[in-house]
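Undergrad: Protein chains in written order, with my numbering: chain E, 1 to 215; chain H, 1 to 215.
Since the hints were derived computationally from the structure, they do not count as laboratory data.
Cβ coordinates follow ideal geometry from the N, Cα and C atoms, glycine included.
It cannot be assumed that every hint is accurate.
To be verified - FRET-style restraints, in silico, Cβ to Cβ:
1. E:176 <-> H:55: 29 to 35 Å
2. E:24 <-> H:204: 31 to 37 Å
3. E:56 <-> H:140: 33 to 39 Å
4. E:173 <-> H:27: 36 to 42 Å
As the list claims (entries may be wrong) - Per the computed footprint, the stretches of chain E lying under chain H, defined by three or more beta-carbons under 8 Å from a beta-carbon of chain H, are:
5. 21-33
6. 113-122
7. 131-141
Protein chains: 2
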Amino acid sequence: MTLSPTPRSTVRRNSRRARTDRAELYALLDEALICHLGVLIDGAPVVLPTGYGRIDDVLYLHGSVAARSLAAAAELPVSVAVTLVDGVVYARSSFHCSMNYRSSVLHGAARRVTDPDEVLRGLAALTDHLAPGTWAHARTPTRKEIAATTVLALDLAEASVKMRSGPPADDAEDVEAGTAWAGVLPVRTVWGAPEPCPLLPDETPVPPHVLDRVR
Amino acid sequence: MTLSPTPRSTVRRNSRRARTDRAELYALLDEALICHLGVLIDGAPVVLPTGYGRIDDVLYLHGSVAARSLAAAAELPVSVAVTLVDGVVYARSSFHCSMNYRSSVLHGAARRVTDPDEVLRGLAALTDHLAPGTWAHARTPTRKEIAATTVLALDLAEASVKMRSGPPADDAEDVEAGTAWAGVLPVRTVWGAPEPCPLLPDETPVPPHVLDRVR
Chain E
1 MTLSPTPRST
11 VRRNSRRART
21 DRAELYALLD
31 EALICHLGVL
41 IDGAPVVLPT
51 GYGRIDDVLY
61 LHGSVAARSL
71 AAAAELPVSV
81 AVTLVDGVVY
91 ARSSFHCSMN
101 YRSSVLHGAA
111 RRVTDPDEVL
121 RGLAALTDHL
131 APGTWAHART
141 PTRKEIAATT
151 VLALDLAEAS
161 VKMRSGPPAD
171 DAEDVEAGTA
181 WAGVLPVRTV
191 WGAPEPCPLL
201 PDETPVPPHV
211 LDRVR
Chain H
1 MTLSPTPRST
11 VRRNSRRART
21 DRAELYALLD
31 EALICHLGVL
41 IDGAPVVLPT
51 GYGRIDDVLY
61 LHGSVAARSL
71 AAAAELPVSV
81 AVTLVDGVVY
91 ARSSFHCSMN
101 YRSSVLHGAA
111 RRVTDPDEVL
121 RGLAALTDHL
131 APGTWAHART
141 PTRKEIAATT
151 VLALDLAEAS
161 VKMRSGPPAD
171 DAEDVEAGTA
181 WAGVLPVRTV
191 WGAPEPCPLL
201 PDETPVPPHV
211 LDRVR
């Protein structure tokens, strides 16, 4: 299935970097840990980092019912960006220095989820995106905890995906001049060894759903 | 020097996570590679990942003069978020699952830089933030390249810094119940080995400004 660009989600700059396969959007959203949510507060844009979860073509966001940003997002236009940096591109000219990355920008009106079953499904998706396996392993939310949480849903209808990879794209004259080094310094996100909570009994084994992520 | 919070930049949620030392803002901005810029386009917020540079209390952004997002940012209110994820916090309850992070959200009106000297200083800051040492090493921009670039400046006047670190903050009953593992899975961003451009002559040495970053 392909992404159907609207005027807003059409990649204009460096359009050769645009991707239109929905599978690439899913892969990016599933790999990244956080998104940046843009909302309008008092007429000005506000950008906030936050977690998310995905079920099929719906992105779930959540926050405290007391959070101004979540209130500002419900039923109003929002934008969500998800970005992975893969490398720094050292070019022969400053002008062509760049980054290798995969990014997606989503647009739409976020719907406040009120159906109790969907609230739970959304929270499960959020939890297991952040910490896979945790929804089944940890204590599920109480009624009070759920009441304190706003869950929003954003349809992945209007989305752009953009990627850059590979070596620098230098001007031919700069390649010929050969006065500067050029190449890519890869950037990778890696997991460290699990740090058990100090309140755990000694020798508590690290469960498979945590260990599997590190391996 | 401290950050002077305005109503907009006052951390409301989990305010114990707020930091008010300007040095922590600088450290975060200097360590992160990209920011997420929020602008208003046709009445809706749009969030875009982009590079930046910092000189003292000014953040510089740039883009093609043809970019809609940069045009939408000049002289208008914008928001910029810079976020580093340090770990995933596995709690004994889904409700307390969290992230360890350092983040800053900036607000203000971005000024279009027109003074030619400041344009160059801004571009140098942007280049050397992305790829330290490159402004001196690579070819500097031509007049044509500069004319094709919009440089924006955002004063770091209105900024919040928020951080979370350490183990999960579980409810006492969940700690006592002891039915779930809890701890932190650290997240680290690391550099890979330099990948020289295929167009470089064989055996071209990797220069110190690149090697120093990897070490």
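Undergrad: Please go over all the hints and tell whether each is borne out by the structure.
TA: Each hint tested on the structure:
In this structure the supplied range 29 to 35 Å holds for residue 176 of chain E paired with residue 55 of chain H, their Cβ-Cβ distance being about 33 Å. Between residue 24 of chain E and residue 204 of chain H, the C-beta spacing of about 34 Å keeps the proposed range 31 to 37 Å intact. Between residue 56 of chain E and residue 140 of chain H the CB atoms are about 49 Å apart, so this pair departs from the stated range of 33 to 39 Å. For residue 173 of chain E and residue 27 of chain H, the hinted distance range of 36 to 42 Å is satisfied, since their beta carbons lie about 39 Å from each other.
Only residues whose beta carbon comes within less than 8 Å of a beta carbon in chain H count, and the stretch 21-33 of chain E has 1; fewer than three means the coverage is violated. Remark: the stretch 113-122 of chain E is not confirmed as covered by chain H, as 0 of its residues place a Cβ nearer than 8 Å to a Cβ of that chain, below the required three. Under a criterion of three residues with beta carbons nearer than 8 Å to beta carbons of chain H, the stated coverage of the stretch 131-141 of chain E is upheld, 8 such residues being counted.
Figure legend: structure checked against the earlier numbered hints; hints not met, in rising order: 3, 5, 6.
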